[in-house]
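Chains as they are written, first to last, in my numbering: chain W, 1 to 316; chain C, 317 to 741.
Hint data in this document are derived by calculation from the structure and do not stem from the laboratory.
From a predicted model like this one, the values you see are computed outputs, not experimental measurements.
Note that beta-carbon positions come from the ideal geometry of N, C-alpha and C, so glycine has one too.
Treat the hints with care, as some may be off.
The calculated DSBU-like cross-link candidates involving lysine-lysine, where the alpha carbons are at most 35 Å apart (straight line), are [what the hints assert, rightly or not]:
(1) W:K47 / W:K7
(2) W:K205 / C:K608
(3) C:K499 / C:K444
(4) W:K87 / C:K499
(5) C:K499 / W:K205
Partial pick of chain C residues on the chain W-facing surface, computed with a CB cut under 10 Å [to be verified]:
(6) G586
(7) F587
(8) Q632
To give an idea of the chain C side of the interface with chain W (calculated C-beta under 7 Å), a few residues [claimed, not checked]:
(9) D498
(10) L501
(11) G510
(12) T514
(13) L516
(14) G517
(15) L627
(16) D629
(17) F634
(18) A637
(19) F639
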Amino acid sequence: MASLRSKDLLGIAQLSVEEIELILNTADALKQVAERPVKKVPALRGKTAINLFVEPSTRTRSSFELAEKRLSADILNFAASTSSLTKGESLMDTARNLESMAPDFIVIRHSAAGAPHLLSRVCRSSVINAGDGMHEHPTQALLDALTVREKKKRIEGLKIAIIGDIAHSRVARSGTLLFHKMGADVWVCGPPTLVPWEYHRLGAKITYGIDEALRGADVVMMLRIQHERQNEAFLPSTREYFNLYGLTRERMRLAKPDAIIMHPGPMNRGVEIESEVADGPASVILEQVSNGVAARMAVLYLLSGGAGLKPEKLRR
Amino acid sequence: MHLIIRQGRIVDPTQRMNRIADLGIEEGRVVEIAGRIRTRGRTEIDARGLIVAPGFVDMHVHLREPGREDAETIESGTRAAARGGFTGVACMPNTQPVNDCRAVTAFILERAREVSRIHVYPVGAITKGSRGETLAEIGEMYRAGIVAVSDDGHPVQNSQVMRRALEYTRIFDLPVIDHCEDKDLAAGGCMNEGYYSTLLGMRGINPAAEEVQVVRDTILARQTGARLHIAHLSTRGSLEAVTRAKKAGIAVTCEVTPHHLFLTDADVAGFDTNTKVNPPLRSQEDVQALLKGLASGKIDVLATDHAPHTLEDKMQEFDRAPFGIAGLETAVSLVMDRLVGKGIISLERMVQLFSVNPCRILRLADKGTLKPGSWGDVTFIDPELKVEVRSAEFLSRSRNTPFEGWRLQGGPVRTVVRGKTVWSL
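Using the sequences and the hints, build the whole thing.
Below, the structure written as C-alpha cells:
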C-alpha cells in the first residue's frame, strides 16, 4: 500500500489496517523534521489548507497549523467567532464559498457529528476531520497510536484501558476503533451513565470498575468529563467521580509496571487524574502533543497524493 | 350513470370482495357493482388490469398551512396526496398558529374547499398551543369539523392532562392520537439509541422513550374508556404493549409508517438528514417485529407522517436539521413492492390498512368501503407499474425523501373523489 484510498480523512471507521500503518510509518519518517534546525520541508509548497474551526480548539488547531507550516503549505484560518457562520450562513454555503477559493485541504472541527461528511459531499478538496461532535477525532487516534507504538514497539496484544466519559468522547470512539483494528485488547471504563451499552460492538470490553480496567494494562488513557456536552446529570458530583474513577498512584499499581499513561487533554487535575500521576514518569502526555504534529503532517502529506515516504528522501 | 369503472379488480374487504367487475357511480356515490353493468356511463374508465379499491386515507399528514407555506400548502400537499393515491388526508395541528381553536379549523377547511380536490380532515390540538397544559376547545373544534385530536410533535408529557383529554373526548367520541415520546427519556436525541448511535456518536432516542408513553396511554385509556390511537408506532416493545392492551379489551389502535418498515438506523450512517425522523428509524429487530405485526393484523393502519421540509432546513448538520420525511408520493408504491409484492401482506390487508381502518377510526361515514350507497372515492393501482422515485417530480413542495432512486413495482395510477378523477398518471 502506497497511498490512501479516499481523498478525505473522515474517521478511523473508514481506514484499513494497511492505511493506518502507512500513516504511522509516514509519521515516523516525518517526525525527524522537528529535530532539525530548519523545521520545514517543501512537500506541500503551493498547496493551500483552510482550517475551519467551528468549535473552539487550541491544541488541535495549533497542531494542524504547525503540521501545515512544516510542510510549507499556505494557510487560511477560520474561527467560529469570526466567520460568517455567526451571521446565519449555513455550513453548506460556507463550504461552497471556501471551495471556490480552491483550497487543497479543508480541516474542520465542528460540534455536530457528520459535519465533515456533509462537507466532503460538496467539496473537491480533501476534507480532514479534526473532531466532529461526539463522533470521531481520527488524527487524535493516530497520534495516540503513534505514541503507543513508539513506547511499546507494537500495538497488537496490548491491553489498552480507556477510562472516563466514554459516551461524550470522540477520542474514545476513534481510539477504540483504531486499537481494535490493530489487534489490541481494548477496555472502556466509566460509570454506566457514561458508557453506551452498545460500545462492545465497536470492539471494546466494557467494565464499570476501574480496578478491572487497570489490572495488567499496558496503556491507560484517561478522559475528562465533558460537562459542555452533557445536557443532564450523569454524575452526582466530581468528588464522587474522582473517588470511583480517578487515576491515583495506588490504583496505577494494578497496571503493568511499565504501563504508560495518556490523556488527550485538556486535563482536569483532581477530577480524573491526580497531579502526581499526570506529571509522573509513566506519563507520556507531552509526547502525545509532539506526535500530534507528526501524525497530522503524515495525513496531509498522504492525502495530497504523496506516496509512502522513504525517509532517505527527506534527508538532504 | 355518471361514471362506470369497467372490469377492474375490485378489492373491498368490507364486502369480502376481490373480483373483476364493473362499478357504477352516480351523484358521487357508488350505486352498483356487477360483473357487467349494461347501461352506458356518461364517463367510462377502462380499469382492466388495475386494482380498484375504496379511497385510501392517510390519517397522518402535515400540510404546513397556515405558517410554513414555503414547505407545503394545503394545495400542494393535497395534490401530492392525490398523486400518491389518497382520496383524503388527516392533517396534524402543529401549524403556525396551532390548530387549537375553531377559527384555525375553519380556515383549514375553507382553504381545502378552495384549493383541494381531495378530502381534508383536520385534527385538532389536545391542548392550547400544544403546550401540554390546558385542554384546547375541543368541542368548538369538533363543531367546526375536526375528526380527532392530537398534540403530534409536542406530545402531552403531563399524565393528568392526558387523562383529562381522554375523558373529555368521550363527549364527542373523538379518538386521541398520541405521538408517544417521553421528552426526558428522548433527551435531545436525533436518532435511535443503539449500535449505530454509538458508532456515529449521536445522541440517541431510547426505544423506552416511546414505550413508556404507549404503556401510560393504554392504562389511561382503560380507565377512561376513551379511544386511543398510537401514531407512528416504531418499536417492538410498543407493539407488544398495544397488543396486550387490545387483548385486555382496551379501545386502542395503532399505525406504522412505510419508512419505519423499509429503513433502519443503519441507513443513518451516511448522515443524510432525509433519514432523520421522529420517532427515529429503529433497529432491524424492531422492523422485523413491525412486519410480523402487519401480517398478523396487530397493526391497524398505514400512515405516512408526511412531514415536508424545505431544502434549506434539511441541508444542515444532522443534529440541527428538523425531523421528517415527505411520504405521500412514495407510500403506496413502497407497500405494493415491498409488502404485497413480497407476499408479506395481501391486497385485502393493504386496503384495510390504507382505507378501511383509518376511515373506521376517524368515523368517516360511508368511506373506506365501496358498498352501494357509500361515497365514490376510489384508488386505482396498477400492480405492474414500474416506478422510480424521483423527488424532482413530486407535487409536494418538498423533496425530503430517503427513497430517492428506489425502483419499485406497483403504484397508483388514478384517484377518484366522489366520482370525479382528481389525478391520473
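Exercise. Among the hints numbered above, which are violated by the structure, and what are their numbers in rising order?
Worked result: Of the numbered hints given earlier, those the structure breaks are 9, 10, 15, 16, 18, 19, listed in rising order.
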